[in-house]
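Visitor: If you want the building blocks of each chain, they are given just below.
There are 2 protein chains.
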Amino acid sequence: MKKIVIIGGGAAGAKAASKVKRLNPNNQVELYARTNEIAYSLCGLPYFIEGSVKKIDDLIIRTPEEFEKNGISIFLNHEAQKIIPEKNCILINDNHIFYDELILALGAYVDLPNVENVNAKNIFSLRSLESGTLVKQKMQQSSSVLIVGAGYIAIELIEAFTKNGINVTLLEKNTRIASDFDNDFSSHIQKMIDYKTKGHLKCHFNEHVIKFNVDENYNFVSATCESGNEFFADFCVLATGAKPNVLIAKESGIKIGITGAIEVDSKMRTNYSNIFACGDCAQKYCIITRQPTYIGLGTIANKEGRVAAINADGVGYENFDGVLKSTITRFYDWTISKTGLTMQEAQNHAKNINLEPICSSITKNDKAGYMPNVNKMTIKIVADKRSGEILGAQGIGWSGNITQRINTITSALKSRLTVEQLLHLDLAYSPPFSSSIDPILTACYQLKEMMKK
Amino acid sequence: MKKIVIIGGGAAGAKAASKVKRLNPNNQVELYARTNEIAYSLCGLPYFIEGSVKKIDDLIIRTPEEFEKNGISIFLNHEAQKIIPEKNCILINDNHIFYDELILALGAYVDLPNVENVNAKNIFSLRSLESGTLVKQKMQQSSSVLIVGAGYIAIELIEAFTKNGINVTLLEKNTRIASDFDNDFSSHIQKMIDYKTKGHLKCHFNEHVIKFNVDENYNFVSATCESGNEFFADFCVLATGAKPNVLIAKESGIKIGITGAIEVDSKMRTNYSNIFACGDCAQKYCIITRQPTYIGLGTIANKEGRVAAINADGVGYENFDGVLKSTITRFYDWTISKTGLTMQEAQNHAKNINLEPICSSITKNDKAGYMPNVNKMTIKIVADKRSGEILGAQGIGWSGNITQRINTITSALKSRLTVEQLLHLDLAYSPPFSSSIDPILTACYQLKEMMKK
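Respectively, the protein sequence lines represent chains V and H.
Quick note: the first sequence uses the numbering used here, first residue 31, plus one each step.
Quick note: the second sequence uses the numbering used here, first residue 31, plus one each step.
Bear in mind the hints are in silico, worked out from the structure with no lab data behind them.
Given the structure is predicted, the values throughout are model-derived calculations rather than measurements.
Errors might be hidden in some of the hints.
Put simply, identical chains are the same to the list, so a pair is met inside one copy or across any two.
[Stated by the list, open to error] List of simulated lysine-lysine pairs, DSBU-like, C-alpha gap at most 30 Å:
| hint | residue 1 | residue 2 |
| --- | --- | --- |
| 1 | Lys-232 | Lys-112 |
| 2 | Lys-280 | Lys-483 |
| 3 | Lys-151 | Lys-415 |
| 4 | Lys-49 | Lys-112 |
| 5 | Lys-228 | Lys-397 |
| 6 | Lys-285 | Lys-168 |
| 7 | Lys-226 | Lys-33 |
| 8 | Lys-297 | Lys-84 |
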């Protein structure tokens with residue numbers, strides 16, 4: 031029997047608490063959360079704003095009462111102030127809490143631009159259920175919105191807002207939308223988004239906000255950019271990405287990795303053997319490059335929370351082997367998705383891990399050409415010319431047709447399959463689901479030809 | 031430059047002809063087909079009968095004229111009578127045709143029950159575009175049909191017929207529907223089919239047809255079974271499975287494998303080094319068991335035709351490494367799919383390839399529980415307890431949600447991933463596409479627990 035303290039009630043913390051209690055009901059488990067919200071799905075917020083999810087409470091996976099019923103003590107509105115590893119102690123709301131094992135699930139915070147009036151009223155970011163409710167309320171009284179950022183949350187918000195009749199202006203300091211995809215894919219995505227939003231979206235790139243302008247009540251009015259351009263809207267949402275929440279860890283001597291997140295080993299252990307970190311505050315390792323990397327995603331947080339719990343309990347053990355940074359985003363009835371390295375990333379890594387990246391981009395019917403509702407889909411596969419190893423894939427297409435391809439590659443990446451091995455993959459085929467030679471295989475045929483040269 | 035003769039114009043033959051010409055435009059390529067139909071999609075027939083595919087000609091992938099334009103000589107209504115390997119010669123329509131390389135793409139035939147009046151009028155099977163047209167015409171004048179067989183073509187035909195208001199009686203000698211799935215999955219499939227067809231389908235199992243009854247014009251009237259039961263309908267479709275077409279190969283000393291199909295090596299070569307076989311007439315090899323097996327599928331035929339062509343051309347080479355017998359079937363807005371071994375198959379192989387099969391069947395939401403249109407899906411994963419190696423998977427669920435899971439496993443099977451390796455697979459996650467812990471991973475967690483015991 032151990033006392034296991036968990037800091038943070040997001041996906042990772044909630045999972046860790048449940049798991050560690052289930053592993054041994056004698057474990058004394060305490061979970062401390064900074065706010066009064068725990069175990070909720072942040073990923074669901076765009077669908078609440080859009081209207082698919084009717085009540086904000088639907089996004090609560092488990093209530094504090096349910097945790098308590100399972101014997102887990104929940105402390106809401108408790109802010110961790112200081113960790114004292116030498117004493118196995120953490121200062122929370124000015125009380126010293128002792129632990130045998132500590133699991134840090136500190137989450138991430140929105141990387142707010144450091145500019146004037148960024149905290150004005152009607153400027154929102156999405157890191158809590160409460161913020162989702164506020165954005166939805168504001169949307170319902172508005173006709174226009176400014177989104178700052180152009181990643182997948184921005185894309186999900188474009189859908190949510192335009193479906194609700196709101197005109198969207200998007201400001202992005204980068205040169206293109208979805209810049210975690212390759213350049214050519216950004217173009218595909220941009221075209222698809224423009225087509226679907228039919229003039230209700232204006233995207234402005236190379237626009238770096240330097241100041242938000244407010245009225246006498248400190249209400250957001252407009253954003254001024256470096257270019258001198260000023261953009262007006264009823265309200266503003268900052269979708270400027272997330273940064274790992276590591277401050278109290280750092281101040282306590284817990285090692286921070288080169289990505290700015292808490293360094294962990296494969297057991298999710300920090301440099302203190304009884305302090306674990308998991309979820310958005312913890313550094314990730316890329317399965318392909320074997321390099322540290324960072325991404326904040328609920329599905330990874332969940333897995334890491336489970337692994338941290340098993341190792342904190344300590345009867346068994348579990349390794350977390352790393353991530354592929356797989357993402358998927360719905361946009362109306364279209365889907366964009368990626369896994370592993372983009373061509374750009376592969377080229378960036380080319381020198382330090384000895385890659386010779388090649389890629390093939392295939393646009394092809396997503397089902398047999400004679401079927402109704404046949405659509406074009408594009409899949410791009412990146413490989414290493416020398417070894418033939420598949421390095422990553424990006425896909426855009428209608429509805430579920432992309433998930434099946436990207437997750438097939440996810441599994442191939444995990445086992446370092448080569449172009450040659452993937453070439454004859456016996457993918458399930460039937461006219462409603464694929465052409466008889468799947469786009470993945472067509473891309474591999476093309477990659478094989480490239481390897482010859 | 032070589033003279034390459036291809037016998038058969040289905041998926042494998044058409045692919046082989048095109049590929050061998052593309053590899054070297056100087057190759058003299060002749061394709062001989064028994065009927066006047068070549069390069070068509072048999073898999074599309076149920077969707078033509080159903081009505082999704084409007085014209086039967088939409089199922090033609092390439093016309094004889096298009097082949098001819100590419101320099102491939104097409105001979106329709108030419109029946110191969112005898113192969114004389116010693117002379118590199120084949121007798122076709124009483125003419126001796128000489129070849130440097132011969133590619134046999136003889137296809138398969140419907141395994142008609144050997145019973146009285148099986149050739150009566152209004153008893154159909156689906157092996158040609160013409161048969162598709164006839165079945166559709168007959169359906170449009172009818173109100174009831176008897177389907178003999180209960181595999182995936184039968185299931186696709188149930189959809190086609192019931193959507194057109196036809197009452198279907200299904201007769202199957204086996205004890206259950208879709209008997210290539212495990213017992214428990216057959217039950218899932220039966221429930222789903224009964225639910226969707228709302229009383230317009232009656233399935234009778236353990237019914238072995240011993241006689242078809244006809245009227246004075248030799249029109250089909252009813253089927254009498256061993257049980258003594260007699261089943262009436264306006265017409266009958268035999269979906270009793272396919273057998274490899276090997277007669278002329280066998281008579282010419284080409285080796286037939288234990289599955290009854292032509293034995294081939296990884297180059298798709300028969301026991302004669304310049305005679306290749308591909309598609310439904312050729313034996314397959316299971317990637318998992320490494321044993322000979324048989325399945326007739328367009329997507330495999332396509333791959334094998336390509337490999338046979340490359341090796342017949344002989345400048346390069348290519349190996350075909352085998353199949354996973356992956357299949358997928360749409361039924362209304364549901365999908366059933368499988369890849370690799372079922373639990374039953376794994377148990378059957380347990381002794382000869384030293385398996386200790388375990389399985390986990392997970393029924394779970396196919397997307398985040400708070401999303402609209404959330405449906406339950408069931409996935410069953412089979413693994414080897416000793417090595418942890420994944421052996422196969424079966425899935426049933428709504429629309430595209432099954433393809434993404436089964437093809438993920440397909441890729442895992444190819445690389446012999448273990449439960450442990452699949453456990454943390456970084457599958458692309460977003461609320462419209464998955465729960466944050468994908469059903470695949472939940473099944474793996476469960477398998478891991480089983481492995482401990």
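Visitor: Next step is simple, just say for each hint if it's right about the structure.
Guide: Each hint tested on the structure:
1. With identical chains, the CA atoms of Lys-232 and Lys-112 are never at most 30 Å apart, being 45 Å at best within one copy and 70 Å at best between copies.
2. Taking the shortest Cα distances, Lys-280 and Lys-483 never come within 30 Å of each other, neither inside one copy (50 Å) nor across copies (42 Å).
3. Taking the shortest alpha-carbon separations for Lys-151 and Lys-415, neither the intra-copy value of 53 Å nor the inter-copy value of 59 Å comes in at or below 30 Å.
4. Within a single copy, Lys-49 and Lys-112 get their C-alpha atoms as close as 25 Å, which meets the 30 Å cut-off; across copies the closest is 69 Å, which misses it.
5. For the homomeric pair Lys-228 and Lys-397, the shortest alpha-carbon distances inside one copy (27 Å) and between copies (28 Å) are both at most 30 Å.
6. In this assembly of identical chains, the alpha carbons of Lys-285 and Lys-168 never lie at most 30 Å apart, being 41 Å within a copy and 75 Å across copies at closest.
7. In this homomeric assembly, Lys-226 and Lys-33 never come within 30 Å of each other (Cα to Cα): the closest approach is 53 Å inside a single copy and 53 Å across copies.
8. Taking CA atoms no more than 30 Å apart as the test, Lys-297 paired with Lys-84 passes in neither setting, with 38 Å inside one copy and 58 Å between copies.
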